[in-house]
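Chemist: Given next are the chains, with one letter for each unit.
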Amino acid sequence: MKLNLYENKNDMNEHVDVYYSNMRPVIRQLIDTVNSERPSLSGRPADEDLDDGDEVLLDPRNIYYLDHVERKLFAYTKDGVYRVMNTLAVCEEMLWNYGFVRVSKSNLVNIYKIVQLKPDLNMKVYASFDNGERICINRSYKKSFSDYLQKMRGMV
Amino acid sequence: MSTNVKEYLLELCCSYTVVSVLGAVVNILVGGQTNNINVLVMFSFCAIIVFVLSLHRLFDAVSPLVMIIVQYLVACGVCALLVLVLSILIEPVTPRGWFEFWRSFTIPYIIGAGYYYYRVFSDAKKQNELINELREKRGEM
Numbered sequence: 001m002k003l004n005l006y007e008n009k010n011d012m013n014e015h016v017d018v019y020y021s022n023m024r025p026v027i028r029q030l031i032d033t034v035n036s037e038r039p040s041l042s043g044r045p046a047d048e049d050l051d052d053g054d055e056v057l058l059d060p061r062n063i064y065y066l067d068h069v070e071r072k073l074f075a076y077t078k079d080g081v082y083r084v085m086n087t088l089a090v091c092e093e094m095l096w097n098y099g100f101v102r103v104s105k106s107n108l109v110n111i112y113k114i115v116q117l118k119p120d121l122n123m124k125v126y127a128s129f130d131n132g133e134r135i136c137i138n139r140s141y142k143k144s145f146s147d148y149l150q151k152m153r154g155m156v
Numbered sequence: 157m158s159t160n161v162k163e164y165l166l167e168l169c170c171s172y173t174v175v176s177v178l179g180a181v182v183n184i185l186v187g188g189q190t191n192n193i194n195v196l197v198m199f200s201f202c203a204i205i206v207f208v209l210s211l212h213r214l215f216d217a218v219s220p221l222v223m224i225i226v227q228y229l230v231a232c233g234v235c236a237l238l239v240l241v242l243s244i245l246i247e248p249v250t251p252r253g254w255f256e257f258w259r260s261f262t263i264p265y266i267i268g269a270g271y272y273y274y275r276v277f278s279d280a281k282k283q284n285e286l287i288n289e290l291r292e293k294r295g296e297m
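Just so you know, the sequences run in chain order A and B.
Take the first sequence: its position 141, counted from the start at 1, is 141 in the numbering used here, and no numbers get skipped.
One rule links them: number in the numbering used here = place in the second sequence (from 1) + 156.
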């Protein structure tokens with residue numbers, strides 16, 4: 001898809017024109033993003049070749065967590081796993097207001113997707129999601145995680 | 157002075173104050189007495205234990221339970237070494253003295269570990285309530 005960007009500092013009426021041949025999911029997601037003014041991540045299905053896979057826009061609301069493995073960033077959704085061409089730090093900054101918080105060096109979780117926090121007998125605390133997966137909340141990030149929940153409570 | 161050193165000194169001051177005040181209260185209650193060597197040993201114990209506990213960041217990869225056990229063994233071992241040196245240099249420690257050392261080290265440690273264990277579960281409960289509240293407000297539930 002060809003992308004044209006026009007910068008005009010005098011134009012107070014910012015707008016987006018979309019020319020499409022048929023209403024594919026990616027076009028629908030693009031429209032949703034513009035309408036809601038929410039950030040979106042672009043990713044490709046992780047099980048496909050990066051050059052061949054169709055790029056899709058990921059709505060942060062559908063992402064359970066982001067996982068950084070071997071210098072690659074993956075987004076886990078209900079539908080599947082997507083490779084995100086971004087760094088974890090950038091995503092953390094971009095998604096901070098949307099319920100995403102760092103729980104370890106390599107994980108950013110969506111608090112709205114957490115079903116339960118459950119401590120193990122060995123005192124490790126895990127965040128469980130409704131897809132059955134769970135992510136460990138690292139001890140070093142425990143305080144920032146707790147502070148984040150309090151901040152979000154004040155914001156919502 | 158680095159933040160880590162400042163934090164360490166602050167924690168050392170607080171813990172030594174608590175230990176010395178508790179020691180004084182116990183001495184008043186049971187009519188015991190202390191001497192200068194005991195005061196210095198108490199301070200050295202505090203310095204060793206606070207230092208070992210402040211290394212918790214090194215144990216991020218392992219579970220808190222393993223961290224608590226390893227730190228207990230290391231702190232207890234180093235303190236025992238100090239007692240052994242004093243035993244050689246000043247006055248031999250009797251078997252009863254060793255038992256008293258182990259008991260007075262282990263009981264507060266177990267109480268502290270138990271409190272930490274309780275906090276892990278109570279914090280998780282509070283955070284669960286917060287998460288549920290946030291999800292409800294956003295209509296995710």
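Quick caveat, the hints were computed from the structure, so don't treat them as lab data.
Among the hints, a few may not be true.
Stated by the list, open to error - Straight line, CA to CA, 27 Å or less: simulated DSSO-like cross-link-like pairs of lysine-lysine:
#	chain 1	residue 1	chain 2	residue 2
1	A	Lys78	B	Lys281
2	B	Lys293	A	Lys78
3	B	Lys281	A	Lys142
4	A	Lys72	A	Lys105
5	A	Lys118	B	Lys282
6	A	Lys118	B	Lys162
7	A	Lys72	B	Lys281
8	A	Lys72	B	Lys282
9	A	Lys105	A	Lys2
10	B	Lys281	A	Lys118
11	B	Lys293	A	Lys151
12	A	Lys118	A	Lys151
13	A	Lys78	A	Lys142
Chemist: Are any of the numbered hints broken by this structure? If so, which, sorted upward?
Modeler: Structure breaks hints 6, 7, 8 and 9.
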